[in-house]
Amino acid sequence: MNWVNAIVQGILLGGLYALFGCGLSLLFGVMGVINLAHGDLAVVAAYLAVVMLPSIGIAAPLSFLVAIPLFALLGYFGQRTLIQKSLDRGPFTVLLVTFGISVVIENGLLELFSADSHSLNIGSFTSQSIQVGRLSVGVLSVTVFVVAVVVLLGLQYFLARARAGRLIRAVADDREAAQLSGADYRHVFGVAAAIAFATVAVAGIAFGMYSSFNPSIGTSRLLFAFEAVVIGGLGSLWGTLVGGIVLGVAQAIGAKINPAYGILAGHLVFLAVLAVRPQGITGGRRSE
Amino acid sequence: MSRSDGSPVLEARELTVLHGQLPALQGVSLEVRTGEAYAIIGANGAGKSTLLRTLAGLHRPAAGSVLLDGVDVTARRAEERLAAGIALVPEGRRLFGSMTLEENVLVGTYHAREGTWDVDRVFELFPWMAERRRQSAWQLSGGEQQAVAIARALVANPRILLLDELSLGLSPAVVRRIYGVLPELRSAGVTILLVEQDVTQALAVASRIQCLLEGRTTLVGAPSEFTPARIEAAYFGLAGATPAAGEEAG
Numbered sequence: 001m002n003w004v005n006a007i008v009q010g011i012l013l014g015g016l017y018a019l020f021g022c023g024l025s026l027l028f029g030v031m032g033v034i035n036l037a038h039g040d041l042a043v044v045a046a047y048l049a050v051v052m053l054p055s056i057g058i059a060a061p062l063s064f065l066v067a068i069p070l071f072a073l074l075g076y077f078g079q080r081t082l083i084q085k086s087l088d089r090g091p092f093t094v095l096l097v098t099f100g101i102s103v104v105i106e107n108g109l110l111e112l113f114s115a116d117s118h119s120l121n122i123g124s125f126t127s128q129s130i131q132v133g134r135l136s137v138g139v140l141s142v143t144v145f146v147v148a149v150v151v152l153l154g155l156q157y158f159l160a161r162a163r164a165g166r167l168i169r170a171v172a173d174d175r176e177a178a179q180l181s182g183a184d185y186r187h188v189f190g191v192a193a194a195i196a197f198a199t200v201a202v203a204g205i206a207f208g209m210y211s212s213f214n215p216s217i218g219t220s221r222l223l224f225a226f227e228a229v230v231i232g233g234l235g236s237l238w239g240t241l242v243g244g245i246v247l248g249v250a251q252a253i254g255a256k257i258n259p260a261y262g263i264l265a266g267h268l269v270f271l272a273v274l275a276v277r278p279q280g281i282t283g284g285r286r287s288e
Numbered sequence: 289m290s291r292s293d294g295s296p297v298l299e300a301r302e303l304t305v306l307h308g309q310l311p312a313l314q315g316v317s318l319e320v321r322t323g324e325a326y327a328i329i330g331a332n333g334a335g336k337s338t339l340l341r342t343l344a345g346l347h348r349p350a351a352g353s354v355l356l357d358g359v360d361v362t363a364r365r366a367e368e369r370l371a372a373g374i375a376l377v378p379e380g381r382r383l384f385g386s387m388t389l390e391e392n393v394l395v396g397t398y399h400a401r402e403g404t405w406d407v408d409r410v411f412e413l414f415p416w417m418a419e420r421r422r423q424s425a426w427q428l429s430g431g432e433q434q435a436v437a438i439a440r441a442l443v444a445n446p447r448i449l450l451l452d453e454l455s456l457g458l459s460p461a462v463v464r465r466i467y468g469v470l471p472e473l474r475s476a477g478v479t480i481l482l483v484e485q486d487v488t489q490a491l492a493v494a495s496r497i498q499c500l501l502e503g504r505t506t507l508v509g510a511p512s513e514f515t516p517a518r519i520e521a522a523y524f525g526l527a528g529a530t531p532a533a534g535e536e537a538g
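Line by line, the protein sequences give chains B and X. For the first sequence, our numbering assigns the number 1 to the initial residue and increments by one for each residue that follows. For the second sequence, our numbering assigns the number 289 to the initial residue and increments by one for each residue that follows.
FYI, nobody ran anything at the bench for these hints, they're computed from the structure. There's no promise every hint is true.
[Unchecked claim] Footprint (simulated), chain B over chain X, 3 or more residues, beta carbon under 8 Å:
| hint | segment |
| --- | --- |
| 1 | 360-374 |
| 2 | 377-387 |
| 3 | 479-493 |
[What the hints assert, rightly or not] In silico contact screen, one side only, chain X against chain B (beta carbon under 10 Å); selected entries:
| hint | residue |
| --- | --- |
| 4 | 323 |
| 5 | 350 |
| 6 | 352 |
| 7 | 356 |
| 8 | 415 |
| 9 | 440 |
| 10 | 441 |
Just so it is clear, CB atoms sit at the ideal spot from N, CA and C, and this is done for glycine as well.
Start from the sequences and build out the full structure, keeping to the hints where you can.
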């Protein structure tokens with residue numbers, strides 16, 4: 001039963017990893033940008049929720065309402081200015097710029113909030129649990145998992161069916177052909193970045209509810225997000241969900257064997273996937 | 289829509305385009321009138337595709353200008369030129385590989401001008417498309433992809449349709465079928481500017497031709513004005529082919 005419990009916890013945790021991964025996956029899939037500041041931006045969202053309650057009286061669960069549009073705007077204008085400018089200079093410039101942003105964010109947060117851990121106070125929500133047979137699962141974990149599934153499937157549906165989603169895919173497939181169909185790829189990139197940043201805000205605040213955080217924790221979040229994306233298969237949001245779950249389960253099982261092995265087990269599964277199936281679990285479907 | 293009423297739709301004036309240091313076009317001018325099918329012929333590397341891409345806004349000319357209906361559009365980007373009425377079917381089809389046939393055409397409608405072409409109408413033009421609309425673009429044959437690329441450009445309701453090397457990599461039978469659609473487009477009032485390496489094909493459909501050689505115009509006029517030998521000389525740059533300085537006014 002303990003093993004079943006560990007696996008269930010792992011699956012639920014995987015939802016959070018998938019939520020972290022989807023913004024990363026989207027930015028890479030559409031414009032080939034690897035955003036090294038991804039994890040740190042999520043932490044910024046969590047800190048945003050920390051300051052919102054005392055300053056303007058918005059409780060953590062409602063901080064999404066402020067953070068999501070704010071991050072979407074940040075994504076759009078960040079893309080149209082800084083990221084696009086560095087994209088024009090080549091992929092390595094983007095890596096350096098986002099790495100620089102990551103360093104600036106970490107140190108900025110350190111300056112503002114010190115190195116102490118913070119957590120989001122969401123009242124009894126954290127500790128409530130529901131009983132399924134002999135299993136007890138946290139309401140928060142289930143909620144985050146459901147949110148992750150809804151966000152990823154919603155995004156998948158949006159890309160497949162909506163006009164703006166198709167334009168994003170068109171630009172990702174062939175930027176020049178999309179231009180010839182009248183799409184301003186810079187604007188489309190901006191929209192994609194807005195969506196990616198909005199999911200970062202969701203992931204960051206959800207993470208802040210899950211556990212305590214400090215200014216330097218973003219890097220490890222980036223790593224988990226990366227692993228979820230690669231395990232699942234680059235460019236597929238479905239894959240990112242699967243990858244997040246695999247990573248979560250691996251960590252849970254590892255931690256079950258020995259509490260110190262959790263993270264290690266996740267990394268090992270990641271390396272095993274890279275070695276055996278580098279295109280990822282859902283990868284292999286080539287478009288050309 | 290009006291047919292050949294003589295007013296120029298698209299004009300290029302003294303275009304010079306550089307690829308790095310190398311001039312790909314040197315002072316090339318052209319004038320395409322409403323309703324005509326204008327063909328640019330020339331050997332590999334003559335600058336035909338560069339000319340078309342410059343007209344569509346994918347290359348910036350180092351000198352010269354592009355006018356659409358008399359309005360200077362030289363400074364506009366490719367996506368703005370589509371909205372203004374210049375649609376290019378690029379060399380190599382360039383369909384969106386992650387999408388179905390129908391989605392490819394749909395993307396063409398998203399920034400379309402007002403007009404009579406829509407998804408249903410292009411499916412009438414290419415009847416096989418309707419039942420295969422859900423197929424992935426990359427599962428289609430080369431000729432089918434070419435047709436989808438044309439459909440994607442048509443639904444934007446362009447003032448002028450630019451076609452870059454339709455015959456590239458296709459079998460003669462498929463090329464004939466693709467070119468068979470052009471008269472239908474012309475009778476529907478679509479003005480066409482095409483680039484073609486296959487001179488026979490170009491002469492068969494064009495009302496006027498222009499030959500490029502190493503980035504310069506060597507011949508302009510109606511196909512009937514020239515003997516095959518004259519065209520051959522202009523195409524290959526053989527002796528006797530005088531630069532068409534006097535003919536460019538035509």
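- Task: Could you tell me which of the hints above the structure violates, numbers in ascending order?
- Result: 3, 4, 5, 6, 7, 8
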